[in-house]
Structure formats: C-alpha cells, structure tokens
Amino acid sequence: MNIEFLFPRTESKERHEHDVEMLEADLEEEDLKREVLTSLNSSDAFLMVTPGQRITSDPQFMKGHGTYHLPPDSMLSAVAGIVEPVNKLILVRPLHTRYTGDIGDLVIGRITEVTQKRWKVDLNSRQDGVLQLSSINLPGGVQRRKTEEDELQMRKFFIEGDLLVAEIHAFFQDGAANLHTRNSKYGKLRNGSFINVPPPLVQRCKTHFHTLPCGIDVILGLNGYIWPIDDSTREKIARVCNCINALSQNFVYINDTAIIYAYDASLKFHVRELRRLDVIDEIMSIVVAKVASSKTGFFQ
Amino acid sequence: MQTLISHSERDYILRGVESNLRADGRGRLDYRQVTFETGVISQCSGSARCRLGEGTDVLVGVKVEIGQIEFDGAEEVVGSKKAKWGRVVCNVECSPIASRQFAGRGAEDYNNELTQIMELIFNGPQAGIDLEKLCIVPGDKCWVVYVDALVLDYAGNILDTIFLTTRAALYNTRVPKTVVQEVEGMMEIEVLDDVQEAERIVGWEQIPIAVTLNKIGSRHVIDATPLEELATEAKLLVSVNKRGKICGIQKSGEGSIEPSLLNEMIQKILEALDVRLQQEEEVLANSSRGGAEVGQINIQKLGFFAAT
Numbered sequence: 001m002n003i004e005f006l007f008p009r010t011e012s013k014e015r016h017e018h019d020v021e022m023l024e025a026d027l028e029e030e031d032l033k034r035e036v037l038t039s040l041n042s043s044d045a046f047l048m049v050t051p052g053q054r055i056t057s058d059p060q061f062m063k064g065h066g067t068y069h070l071p072p073d074s075m076l077s078a079v080a081g082i083v084e085p086v087n088k089l090i091l092v093r094p095l096h097t098r099y100t101g102d103i104g105d106l107v108i109g110r111i112t113e114v115t116q117k118r119w120k121v122d123l124n125s126r127q128d129g130v131l132q133l134s135s136i137n138l139p140g141g142v143q144r145r146k147t148e149e150d151e152l153q154m155r156k157f158f159i160e161g162d163l164l165v166a167e168i169h170a171f172f173q174d175g176a177a178n179l180h181t182r183n184s185k186y187g188k189l190r191n192g193s194f195i196n197v198p199p200p201l202v203q204r205c206k207t208h209f210h211t212l213p214c215g216i217d218v219i220l221g222l223n224g225y226i227w228p229i230d231d232s233t234r235e236k237i238a239r240v241c242n243c244i245n246a247l248s249q250n251f252v253y254i255n256d257t258a259i260i261y262a263y264d265a266s267l268k269f270h271v272r273e274l275r276r277l278d279v280i281d282e283i284m285s286i287v288v289a290k291v292a293s294s295k296t297g298f299f300q
Numbered sequence: 001m002q003t004l005i006s007h008s009e010r011d012y013i014l015r016g017v018e019s020n021l022r023a024d025g026r027g028r029l030d031y032r033q034v035t036f037e038t039g040v041i042s043q044c045s046g047s048a049r050c051r052l053g054e055g056t057d058v059l060v061g062v063k064v065e066i067g068q069i070e071f072d073g074a075e076e077v078v079g080s081k082k083a084k085w086g087r088v089v090c091n092v093e094c095s096p097i098a099s100r101q102f103a104g105r106g107a108e109d110y111n112n113e114l115t116q117i118m119e120l121i122f123n124g125p126q127a128g129i130d131l132e133k134l135c136i137v138p139g140d141k142c143w144v145v146y147v148d149a150l151v152l153d154y155a156g157n158i159l160d161t162i163f164l165t166t167r168a169a170l171y172n173t174r175v176p177k178t179v180v181q182e183v184e185g186m187m188e189i190e191v192l193d194d195v196q197e198a199e200r201i202v203g204w205e206q207i208p209i210a211v212t213l214n215k216i217g218s219r220h221v222i223d224a225t226p227l228e229e230l231a232t233e234a235k236l237l238v239s240v241n242k243r244g245k246i247c248g249i250q251k252s253g254e255g256s257i258e259p260s261l262l263n264e265m266i267q268k269i270l271e272a273l274d275v276r277l278q279q280e281e282e283v284l285a286n287s288s289r290g291g292a293e294v295g296q297i298n299i300q301k302l303g304f305f306a307a308t
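Chains as they are written, first to last, in the UniProt record's numbering: chain A, 1 to 300; chain B, 1 to 308.
Extracted from the complex, chain A is given alone in its bound form (with noise of 0.2 Å):
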C-alpha cells in the first residue's frame, strides 16, 4: 500500500522571519543537522520514520532513544516519529506519547480503583499513580493520623471514575506515581468539563490554576487532562473547551495566554459553530499570529 504523509506546510514568509530571528548558533544547529539528515537519505527538514524502519547502517552514528540495534549494522526506529539528530547521536521523537511525570507536576487524573489504603489514579501515563489515603487531607481540613475507620471509609472521599487534581510527590520502584493532595487546591473536581489532550502541549508554568477575563476557572493538568471550571454558564465552559481543542488539534501549545486569545478570537462565531473545521481555520490564524507576535510566555 502507498503510504504518503502529508506534512503541515509553513508559509515560506513566517520561515524567513523565522530564520532571521534565529541566533547564529541555532543556524549552525540547523545546518548540521540538515546535514546528517542528507546522509540519511531524506530530501526533507524532516525525516518520519515508522516502528522497525532503518534508520541508517553508518556506524559513526549512535543511537538515542527510540531507535534500537540490529546486528550487524542497521540502526532501527522503534517508534513511529521524526527523527532528530543531536550531533551523532540520533533519537526519534514520538508522535504520540504518554504522560512522563516529575516530581512537583500538577496532574489532573481519574480514580479507576478503591485498595487497600490507597487509590490508583490513572494520569494518561504508562502505568497508574497512586494516592495513599495518608496523603490526601481530609474533609473540613481537620488534621489527624488517618484510622482504620478512615480506611473503611475511602469511598466516601474518592470513588471510582472521579477526578480529582493532585501534585506528583514522589515516584515508587516501579515508576509509578506517588500523588498527594495536601493543600486545599486539591482535590476532587465538580461543576466542569473534561478535556483530554496531548500531554507535550502542556507547558509548566509558575501556575496550572487560571482564572480567565471570562470568568472561568481553568486547571491546567501536565498529563494532559483540563477541567475548566464555572458555576453560572455552561455556554463559556462550552467555548473555551472548544477553544482548547481547537488548540490542541493545531498543535499549539496551551496556557492561559493562548487560550484567552482563542477565546477573544471565537466571540464572533456562535458557541455551536466553534467545531466547523473552517472556523476553527479562522480562530487559529489569529491565534498563530498573536502568539508569534508576542513570545513571552511561550519560550521560557
């Protein structure tokens, strides 16, 4: 079968401007690897490659992540992704991916199981975190060495399938995340809407809590999941959840800077209107040209 992939094109205006306010280190970056993705064999700025596809059999090159080895030369992707060379060493970057936590990450998740003493808590990542009852805090704030009654009672605080905002505290052996929601912003979300997008286009910010001009409340989870909040009107939420995916479906990073101008940008349309494939064209040309226009905040 052929398989062709199309690439989103950048106007060769924005690219001069782009290549102007390029520092001369980046330039020269830029220039190598062009280089190293020639004698690769890719006539492109990117080389795509998909699991199990060669890569290169040059031995000078070593492998990074997402590529393995198969003897006696070839040097293999094991994802589907761009290839970016660092000087010798080539790595392949995923197109999707799950949520790699740190410690101190905001992450909204989802309870998907009741155990003993503690919940799991999917986060979008590879395998569940977890929320010890020790470390949540218990309603009315009282604070007090959590009893066996406590225990007997976790349904009563979280059940399966709520969602609930939490930091990243620690991580276990196994990688698996160890949650808390110790402070009284934490804890389980109500009156709002779910979203779901890809976790990289979650920037860390100084705040994952916004409140926009409009009034919403929004949570910024670094996993990839958002919740924006409001206790008056299910329109706003409705178009700012667009406004997010609009967002997300172009790849463009979201903060609360970008949203408020995809927000202001989507005033003139109906809320209904906001999932036409040409509106959202429309909102996100305005939005591409502000961000690009004013970068603080983007590049940090």
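The reader is advised that the hints may include incorrect statements.
Derived BS3-like pairs: lysine-lysine, alpha-carbon spacing no greater than 30 Å straight-line [to be verified]:
1. B/242 with B/81
2. A/236 with B/268
3. A/236 with B/235
4. B/84 with B/133
5. A/63 with A/117
6. A/117 with A/156
Ranges between beta-carbon positions, derived for each pair [stated by the list, open to error]:
7. B/242 with A/185: 51 to 59 Å
8. B/218 with A/294: 47 to 55 Å
9. A/138 with B/101: 30 to 38 Å
10. A/74 with B/97: 24 to 32 Å
11. A/138 with B/29: 39 to 47 Å
12. A/65 with B/97: 42 to 50 Å
13. A/288 with B/205: 40 to 48 Å
These aren't lab readings, by the way, just hints derived from the structure by calculation.
Using N, Cα and C, we set each Cβ at its ideal position, and we do this for glycine too.
For this one, chain A is given, so just place chain B on it according to the hints.
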C-alpha cells in the same frame, strides 16, 4: 478512552442535555461536521473514509470477489430464492491505535457487536442492493461483496460513521463484467479486465444509513461524544433508506425506553436521516469534480494518513 465517568461529569452532561446545550456547545440534535473521501484504496473495488469533526475516523474498503452461493440448509422456498442471490459479508475492526480501550483484546467483543449489526442490515434484501444482479451462475457462483470497516480513531458515535462510510464506499464500488460460457457441460466464467466496463452495484441508491439516538436522562441526543456515551442509559439505532423505509432497528445499553418515547425517538431519527441522506447524495454526486460542501457534510482530499 476511559470506561469510567465521575458523578459530577454525569450530572454536568445530564443538565446540559436538559438545557439543550451540550459540553461542546452543540444542541441535542446537532451533528458534528463530516468529512468524506472516496476512492482511497486503489486495491479495493471501492473505498471511502469519513471523519466526524476531528475525531472519529472510519475507513471502509469494499472488495468484490467471485464466491460460492450459499443456500444449503434453507427451506426449499427460501433456498430456491437464495440460489439466485449474491452475498454481502461485513467485518468491522477497531484499530488499537484508535483508543486505549481497544488495545490488547479489548476490542474483540465490540468488533463482534459492530459486525453483527452491519450484517443484520447489509446482508439481505433490506440493504437495497439487488442481490440477483450479483449472481453469475445460479446455484453455483456469485459475486461476494466484502465490506471491511476499520476504525482508525475514536471520538464517539462509531456506528453512524461506519454506515455513512459504507454507503459512500458502496457508491464508489465498481463490479467487473463477466462473460459466462458453457464448455463441455462446465460453466466457465471470464472476468473482463476493462475498468470502463465495470458497473456500479445495482440498487446502491437504496442502501440505508443509520442514526443512533442516545437516551440521557429523559431526553435523547444525536452523535454522542465518548463521555456522553458513558452517561447514556439506552441507545437506539435506526437504519433508513432513501424511500424512508426502516431497514433495521437495534436497541443497546442497559436502560429502558418507554413506548411513547420510542415512537418519538424514531420520528426524530427519520427526520434527521432524511436530511443526511440528501446531503450525502449531493456531496457524492459532486465528488468526481473535486471538493464539495453541502450543509454539514463536505468532501475533501485528506490524503491517506494525512496529518490534521
């Protein structure tokens, strides 16, 4: 996709349905935008791909092959009829990349369920296809129409999309001409290679499409998202052809539907389907001329596996 939903989400969806403003801003009976592409796979006799918004993505390939007529075991009256019939064989597969719940063996049961519904509606005279025209040598050989659907991406409402895509793929299908000669008592079939000579499946106009209504609370919505599907008590799929005749009904889900609501739901579906069929037809008719857009449906060259 997760299989769990929290109480507050269910409540949020319920109230949204009640106030005719769903989580993504649609009303109860609003469909997402549909994008079509026909003739995607050159090895097939006909193929189509369809996306709902930027979510659900279905690829259907139709292949016609010469096969044995099946009429054994049927009663004599039915058997004599079936001896002159071609066959339609359906298969649905949910790709593991479409959703997390389809990974491993998770999709097995669901694939079976979808295939059963497809078979129920497409394999028989109710599908509109003139089965007698598919017969080559009565009692022996016929064209078998293999309909294979592949779900590439999942964002709710798979069945409607599969039906829509299947109709487009069957519209796109060309059946080669055959010449039958009797040589020494044996029937010899010659398939003509000429592409120009190949013909559309007879009766494609009457191939049905389907719309699913999801009962949430005391009301119902069209084109549900995955979260809405989790909050759904009962689903009703109604399949209708161009003449407005019902070709199949399937109820699924754990909840119940009251008789009065059932009538109302079917009426709603009939109205929705009438519009959809007209739109699809217009779009398909224009498809040979490149891009086309009618109402909520548009046809576009996406490029196979194209990035969004």
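Each hint tested on the structure:
1. Only pairs whose Cα atoms come within 30 Å are accepted, and residue 242 of chain B paired with residue 81 of chain B is accepted, the gap being roughly 25 Å.
2. Distance hint between residue 236 of chain A and residue 268 of chain B is fulfilled; the C-alpha atoms sit about 28 Å from each other, no more than 30 Å.
3. Annotation: proposed proximity of residue 236 of chain A to residue 235 of chain B holds, straight-line Cα distance about 29 Å (limit 30 Å).
4. A threshold of 30 Å between alpha carbons decides the hint, and for residue 84 of chain B with residue 133 of chain B the separation of about 9 Å falls inside it, so the pair holds.
5. About 43 Å separates the Cα atoms of residue 63 of chain A and residue 117 of chain A, which puts this hinted pair outside 30 Å; it is violated.
6. Only pairs whose Cα atoms come within 30 Å are accepted, and residue 117 of chain A paired with residue 156 of chain A is accepted, the gap being roughly 13 Å.
7. Taken as a hint, the range 51 to 59 Å holds for the pair residue 242 of chain B and residue 185 of chain A, whose Cβ atoms sit roughly 57 Å apart.
8. Distance hint check for residue 218 of chain B and residue 294 of chain A: the Cβ-Cβ separation is about 48 Å, which falls inside the suggested range of 47 to 55 Å.
9. The hint said 30 to 38 Å for the Cβ distance between residue 138 of chain A and residue 101 of chain B, and at roughly 34 Å that hint holds.
10. Look at residue 74 of chain A against residue 97 of chain B: about 25 Å separates their beta carbons, and that is inside 24 to 32 Å.
11. Look at residue 138 of chain A against residue 29 of chain B: about 45 Å separates their beta carbons, and that is inside 39 to 47 Å.
12. For the pair residue 65 of chain A and residue 97 of chain B, the beta carbons lie near 20 Å from each other, so the given range of 42 to 50 Å is not met.
13. Range check, residue 288 of chain A to residue 205 of chain B: about 44 Å between beta-carbon atoms, so the 40 to 48 Å window is met.
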